[in-house]
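K.L.:
Here the protein sequences come in this chain order: A and B. Each residue of the first sequence is one higher than the one before, starting from 1 at the first, in this note's numbering. Each residue of the second sequence is one higher than the one before, starting from 1001 at the first, in this note's numbering.
Incorrect hints may appear among the rest.
Here are some chain B residues the structure puts well away from chain A; computed CB gaps all over 10 Å [claimed, not checked]:
#1 1014
#2 1057
#3 1384
Just so you have them, the derived chain B footprint on chain A, three or more residues with Cβ under 8 Å [to be verified]:
#4 126-134
#5 174-184
What follows is a set of in silico ranges between Cβ atoms, one per label pair, in the way DEER data are often shown [as the list claims (entries may be wrong)]:
#6 A:148 x B:1427: 28 to 38 Å
#7 A:168 x B:1409: 17 to 27 Å
#8 B:1051 x A:178: 30 to 40 Å
#9 A:71 x B:1409: 33 to 43 Å
No lab work stands behind these hints, which were simulated from the structure alone. Here a beta-carbon is modelled for each residue, glycine too, at the ideal position from N, C-alpha and C.
So the chains spell out like this:
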Amino acid sequence: MLNINNLHAELEEDSEVKILKGFSLTINPGEVHAIMGPNGSGKSTLSYVLSGRDGYAVTEGGATLEGVDLLEMEPEERAASGLFLAFQYPVEIPGVGNMTFLRTAVNAQRKARGEAELSAGEFLKVVRAKANELQIDADMLKRPVNVGFSGGEKKRNEILQMAMLEPKMCILDETDSGLDVDAMKLVSDGVNALRDAGRSFLVITHYQRLLNHIKPDFVHIMSDGRIIKSGGPELALEVEENGYTDLLAEAAA
Amino acid sequence: MIPRAKLVQQKRDAAVTWLDGRALPEGGVWATKARKAAEDRLRDMGMPSKRDEYWRYTDPRRLTESTVQPAVLHDTGDALPLFDRVDRVKLVFVDGVFDAEASDAPELAGAEISQLRDAARSDLHWARDIYGVLEARGQTPISRPLASLNTAFATNGVLIRVAGKAPRPLALIYRRSQDTADALMHHVIRLDAGAELTLLEDGPVAARYNQVTEIDLGEGAVLNHIRAQGRDHERVGATHLFARLGAKAQLKSFTLSANGALTRNEAVIWLDGSDGTAHIAGACVGDGAFHHDDTVFVNHAAPRCESRQVYKKVLRHGAVGVFQGKILVDQIAQLTDGYQISQSLLLNEDAQFLAKPELEIYADDVKCSHGSTSGEIDANQFFYLRARGVPEAQARMLLVLAFLAEALDEIDDHALAAELRDHLEAWLNRRT
Ligand SMILES: Nc1ncnc2c1ncn2[C@@H]1O[C@H](COP(=O)(O)OP(=O)(O)O)[C@@H](O)[C@H]1O
Ligand SMILES: [Mg+2]
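The following block holds chain A by itself, in its conformation from the complex:
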């Protein structure tokens, strides 16, 4: 599904700031991978480089989605090809209604893929059902995108977008941060409901607790721009128990 090969990236405006330093990872269809790592190790940068945000220069290596070069595409083309990023910090857009935003996004992607656009009625039916599962009420759908939403509401709104867009490759960047236990459960249930053989997940998180709800097939530890250790779910428990110190020391040795 997603193939990241020896990816190197630095800040566009300051080539001294090298962030990704040879990141490699292969995710097959249906797999759930987790990336854990200390703050500043480059996890968000990885998600931005994959989704096409300006400001980063890729100096070496590459990434493909289903064999197609991701880095050559515009952000909207990556999205239409099935890549989705749930933002660590969802963006507020005053003046654009959440519903308008969702429908514009869904129809833009359908159009890009040569599919018929959803009618207002069809769309409304689907969005209501999915919003309901995430306990997103009519008011949140009407309000401007993320404006005045609590941290948990923003994260649920990200998952709603994911559910509506039905991407193949979902990257979740610290979707658990700022969530209480109930919100964590809602979000995880939302993610789990989307799990299927054709869809893959890359779950970036700081804490093991999210991985109790969204059970990963593989766990990777990231530090200083690359993966320093990979394993199964037990690796996350090890981090939970001992922190990153031993792992980092082990890698440095």
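Using the hints, position chain B with the ligands against chain A.
P.N.:
Showing chain B with the ligands alone in chain A's frame:
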């Protein structure tokens, strides 16, 4: 620096030059008196000059020179005219001249509608208490000579007096015909106590135009005013809106401007009675040779009034936006609630926004705030939309419309607001 006395002389000379060979229109007693007085004011003030502090950001030359530079008519293609689906009484002006053929019968329950060119011939008319009277009051603290010129020489315009709740909007539709038409248009709107009216205006008026609208709102009267200034790229125009509000009266005025080589929209509002409300808003989008100036003066002259000014400008490719807005709160106007915001969205670096917000407050128990910002498309918002699959041009459009939304939200009538928004979107789409 030119000495002040010399500047005044130059301005007066310019007025004399303009007046040379022009005779005041013939009319009845009240109109002649008003016109004569206005001409005297004009001679005294002189023409506006770009050296005037008040014209610092906008060069008035094209509005004051004797010759009109030709302005090619903009072809609107198959676009539906605005307000076409609204059930309204339509009065049509071509190049600023009333076209009875193209207009509906001027019949609106509770309202008395006449044309200035007819009414000015009579010796007496209710408009005599307003025509040129509000304009004259608006000459202090800052002179507005173009408005006096208009009072003196305008022969077209509509005089409307409403006694009850007008059942349908009155729509003034402006069409252009000649490339060098020079229009002077003067409307007077009087709403008696408790009366209500929705006034719509649409169109570019003329290649060059000078429009004055005097509004007198009695106690508890409600005027909703929505104006769109057409899409002609080359036309130039100056408008003045003078409004006096009685106690508990409400004025909501919104102006949409797209294109236009030069536009100066002045609004002068007096909240004379307590508990009045004046909301005045504008949205404009300009591209290239576009200069748009909103100059607003709101005077709180009675207690417990509320005023809002909300102005949004989207500018690109060298377009220039100007906002000069002042709230003056008299000593008597306790518990005033005054708000003013002017913002621009600069779509590229060579676009320019010049703002001069002012507050002058003589009462001690008031709530007044103002703000002015200038910015670009927010990179985070732009990326967020694109990361969800919205193509670049569409994402930009959504953000432009989102920026303008706050001004459009000032329109109470949701159907009309939606119609304006749809038009805006279509115009912007055609340009990208
Ligand atoms: N736009 C940026 N400007 C400056 N530094 C940046 C920028 N983006 C990332 N960095 C730096 O790159 C490193 C990795 O950041 P990030 O990808 O956010 O890490 P993580 O998500 O793992 O906490 C940090 O040291 C951060 O300060
Ligand atoms: Mg991060």
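K.L.:
Against this structure, judge whether each hint is valid.
P.N.:
Structure-based check of each hint:
1. 1014: Holds, because the least Cβ-Cβ distance between residue 1014 of chain B and chain A comes to about 44 Å, which exceeds 10 Å.
2. 1057: holds, 27 Å
3. 1384: Non-interface label on residue 1384 of chain B violated, nearest chain A Cβ at 4 Å vs cutoff 10 Å.
4. 126-134: Three-residue rule not met by the stretch 126-134 of chain A, so violated; n is 0.
5. 174-184: Answer violated; 0 residues pass the 8 Å Cβ test.
6. A:148 x B:1427: 28 to 38 Å: 31 Å Cβ-Cβ, so the 28 to 38 Å window holds.
7. A:168 x B:1409: 17 to 27 Å: violated, 39 Å
8. B:1051 x A:178: 30 to 40 Å: violated, 58 Å
9. A:71 x B:1409: 33 to 43 Å: This hint holds: roughly 41 Å between Cβ atoms.
The structure fails to meet hints 3, 4, 5, 7 and 8 from the earlier list, while all remaining hints are met.
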